[in-house]
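Protein chains in written order, with the UniProt record's numbering: chain A, 1 to 259; chain B, 1 to 259.
Heads up, some of the hints might be wrong.
Pairs involving identical chains hold if they fit within one copy or between any two copies, as the list cannot separate such chains.
[Stated by the list, open to error] The calculated DSS-like cross-link candidates involving lysine-lysine, where the alpha carbons are at most 27 Å apart (straight line), are:
#1 Lys45 x Lys13
#2 Lys131 x Lys13
#3 Lys2 x Lys131
#4 Lys62 x Lys43
#5 Lys45 x Lys212
#6 Lys45 x Lys242
#7 Lys242 x Lys212
#8 Lys131 x Lys212
#9 Lys62 x Lys45
#10 Lys62 x Lys212
#11 Lys2 x Lys242
#12 Lys242 x Lys62
#13 Lys62 x Lys13
#14 Lys62 x Lys2
#15 Lys242 x Lys131
#16 Lys131 x Lys45
Since the hints were made in silico from the structure, they are not lab data.
What follows is each chain in one-letter form.
Protein chains: 2
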Amino acid sequence: MKTLIVHAHPEPKSLNSSLKDIAVSTLTAAGHEVQISDLYAMKWKAAVDAEDYGPDASIPLKVAADSGRAFDAGTLTPDVRAEQEKLLWADTIILQFPLWWYTMPAILKGWVDRVFTYRFAYGVGEHSDTKYGERFGEGTLAGRRALLSVTAGGPESHYTARGINGPIEDLLFPIQHGILYYPGIDVLPPFVLYGTDHTTDEDFPAIAQAWKQRLLTLESTEPIAFRRQNFGDYEIPSLWLKEGLEPAGRNGFGLHVRA
Amino acid sequence: MKTLIVHAHPEPKSLNSSLKDIAVSTLTAAGHEVQISDLYAMKWKAAVDAEDYGPDASIPLKVAADSGRAFDAGTLTPDVRAEQEKLLWADTIILQFPLWWYTMPAILKGWVDRVFTYRFAYGVGEHSDTKYGERFGEGTLAGRRALLSVTAGGPESHYTARGINGPIEDLLFPIQHGILYYPGIDVLPPFVLYGTDHTTDEDFPAIAQAWKQRLLTLESTEPIAFRRQNFGDYEIPSLWLKEGLEPAGRNGFGLHVRA
Numbered sequence: 001m002k003t004l005i006v007h008a009h010p011e012p013k014s015l016n017s018s019l020k021d022i023a024v025s026t027l028t029a030a031g032h033e034v035q036i037s038d039l040y041a042m043k044w045k046a047a048v049d050a051e052d053y054g055p056d057a058s059i060p061l062k063v064a065a066d067s068g069r070a071f072d073a074g075t076l077t078p079d080v081r082a083e084q085e086k087l088l089w090a091d092t093i094i095l096q097f098p099l100w101w102y103t104m105p106a107i108l109k110g111w112v113d114r115v116f117t118y119r120f121a122y123g124v125g126e127h128s129d130t131k132y133g134e135r136f137g138e139g140t141l142a143g144r145r146a147l148l149s150v151t152a153g154g155p156e157s158h159y160t161a162r163g164i165n166g167p168i169e170d171l172l173f174p175i176q177h178g179i180l181y182y183p184g185i186d187v188l189p190p191f192v193l194y195g196t197d198h199t200t201d202e203d204f205p206a207i208a209q210a211w212k213q214r215l216l217t218l219e220s221t222e223p224i225a226f227r228r229q230n231f232g233d234y235e236i237p238s239l240w241l242k243e244g245l246e247p248a249g250r251n252g253f254g255l256h257v258r259a
Numbered sequence: 001m002k003t004l005i006v007h008a009h010p011e012p013k014s015l016n017s018s019l020k021d022i023a024v025s026t027l028t029a030a031g032h033e034v035q036i037s038d039l040y041a042m043k044w045k046a047a048v049d050a051e052d053y054g055p056d057a058s059i060p061l062k063v064a065a066d067s068g069r070a071f072d073a074g075t076l077t078p079d080v081r082a083e084q085e086k087l088l089w090a091d092t093i094i095l096q097f098p099l100w101w102y103t104m105p106a107i108l109k110g111w112v113d114r115v116f117t118y119r120f121a122y123g124v125g126e127h128s129d130t131k132y133g134e135r136f137g138e139g140t141l142a143g144r145r146a147l148l149s150v151t152a153g154g155p156e157s158h159y160t161a162r163g164i165n166g167p168i169e170d171l172l173f174p175i176q177h178g179i180l181y182y183p184g185i186d187v188l189p190p191f192v193l194y195g196t197d198h199t200t201d202e203d204f205p206a207i208a209q210a211w212k213q214r215l216l217t218l219e220s221t222e223p224i225a226f227r228r229q230n231f232g233d234y235e236i237p238s239l240w241l242k243e244g245l246e247p248a249g250r251n252g253f254g255l256h257v258r259a
């Protein structure tokens, strides 16, 4: 595998950083190639602004259109171009982050906002009676697989079907489906550690073992069965799931996963 | 009303900035007090790091514990303290932002990550057999109301119950429930504009009119009926919704809204 690890924690001695280190050593030892984007170490710029598009920034700024023009012209900033090249190089992408306020830290959202430009990650492909662009199962990053490795401070029960936070698969849906599957990446079931507010050194060997096990079985893991947009499951252009396709008793985000 | 508007768009001539300007003029003309946090104009720092906690940053950094200690000691950075003071001053909070990759822009997530510290927005209240801290309906910011004002590039059909993006209320749930309701803020139904990739100048008068109407009726608008954590709906400490409380046919995030 060629694996890109995007890592988003400010403390090199944190649990998240340890998981990143284990991923590097485990995958390298197994003969895989690894690149790392350690966003805090890189002092990654999080906020999209006109500086991102250089001479292609229009006045007034139009984020989508300008980012697409800069992408086509090759004038995006070097930090963004380097990340796009890593994504094109990789066949496997791991996002390592703590769940802060039920989603990714700002620095990682800023990696998405700046790297996933128009014409690269969206605004790809034609529209017709049977196709609404290339997205959700097709796109620039098709053929790649991604895995979220996430730490959650609270206990697992709070993230289950009846838990007060909502089910973890729904909390992660906007990331797994909306960010990763959108430009064509298949998404593996996430590796989630719960209760990490109270994790101790004694817990670590079992955590490390479970994580290594996931890493060494990535190639044989089946992705989440998100529905492809342009292959008959959705009306076009409303993009409503066709009647009769929903699994019994399922609604909300769950409709978009095949039974 | 005392309204805090937190605004997250880089272009002063954007639709989002126009909506922010309308909010300021409409509320001021109606006799309300308004403060604005224009995050791009303030060059808001998005990424949480050790600099946020000054002398209270431990080695290694512990984000939750250190932020709480700095909050208690009054040693958080001046930019963060100013935002916490604005939140305590306000009775109404409007977050104005474009939906980028199905959630808020990184700069606004960074406002949450840095301002919603431990001991201020979480880690508040005691734990007992009948109480799991003060959160989800109680907390430092109880008694306040919030409104998301959001622009979405795609058409409304894509954000409905069967739409491919998932229902807008589920996409916004981690923000409305997980970020705002968590520290005690009641949340009003959002003001969402769809199809803004194709909005023209001719569309603007109707948009402005609808927005003014929402702004002038905020005080009489009923909040979303999220379930309070500590008042009998949930088992403690599992925080599972008690059996029999779920509305018929509803699952996922919808369980946490009263019928």
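Checked hints:
Both within a single protomer and between protomers do Lys45 and Lys13 lie at most 27 Å apart by alpha-carbon distance, with minima of 22 Å and 23 Å respectively. In this assembly of identical chains, the alpha carbons of Lys131 and Lys13 never lie at most 27 Å apart, being 47 Å within a copy and 33 Å across copies at closest. When the C-alpha separation of Lys2 and Lys131 is checked against a cutoff of 27 Å, the pair qualifies neither within a copy, at 31 Å, nor between copies, at 48 Å. In this assembly of identical chains, the alpha carbons of Lys62 and Lys43 lie at most 27 Å apart whether taken from the same copy (25 Å) or from different copies (19 Å).
Taking CA atoms no more than 27 Å apart as the test, Lys45 paired with Lys212 passes in neither setting, with 31 Å inside one copy and 35 Å between copies. For a Cα distance limit of 27 Å, the shortest separation of Lys45 from Lys242 qualifies neither inside one copy, at 41 Å, nor across copies, at 44 Å. Taking the closest pair of Cα atoms, Lys242 and Lys212 never come within 27 Å of each other, the shortest separation being 40 Å inside a single copy and 37 Å across copies. With identical chains, the CA atoms of Lys131 and Lys212 are never at most 27 Å apart, being 40 Å at best within one copy and 38 Å at best between copies.
Taking identical chains as interchangeable, the C-alpha atoms of Lys62 and Lys45 lie at most 27 Å apart whether they share a chain (19 Å) or sit on different chains (22 Å). Taking the shortest alpha-carbon separations for Lys62 and Lys212, only the inter-copy value of 25 Å comes in at or below 27 Å, while the best intra-copy value is 44 Å. In this assembly of identical chains, the alpha carbons of Lys2 and Lys242 never lie at most 27 Å apart, being 37 Å within a copy and 46 Å across copies at closest. Taking the shortest Cα distances, Lys242 and Lys62 never come within 27 Å of each other, neither inside one copy (34 Å) nor across copies (48 Å).
In this homomeric assembly, Lys62 and Lys13 come within 27 Å of each other (Cα to Cα) only across copies, at 10 Å, whereas the closest approach inside a single copy is 40 Å. In this homomeric assembly, Lys62 and Lys2 never come within 27 Å of each other (Cα to Cα): the closest approach is 34 Å inside a single copy and 32 Å across copies. In this homomeric assembly, Lys242 and Lys131 come within 27 Å of each other (Cα to Cα) only inside a single copy, at 15 Å, whereas the closest approach across copies is 44 Å. Taking CA atoms no more than 27 Å apart as the test, Lys131 paired with Lys45 passes in neither setting, with 35 Å inside one copy and 40 Å between copies.
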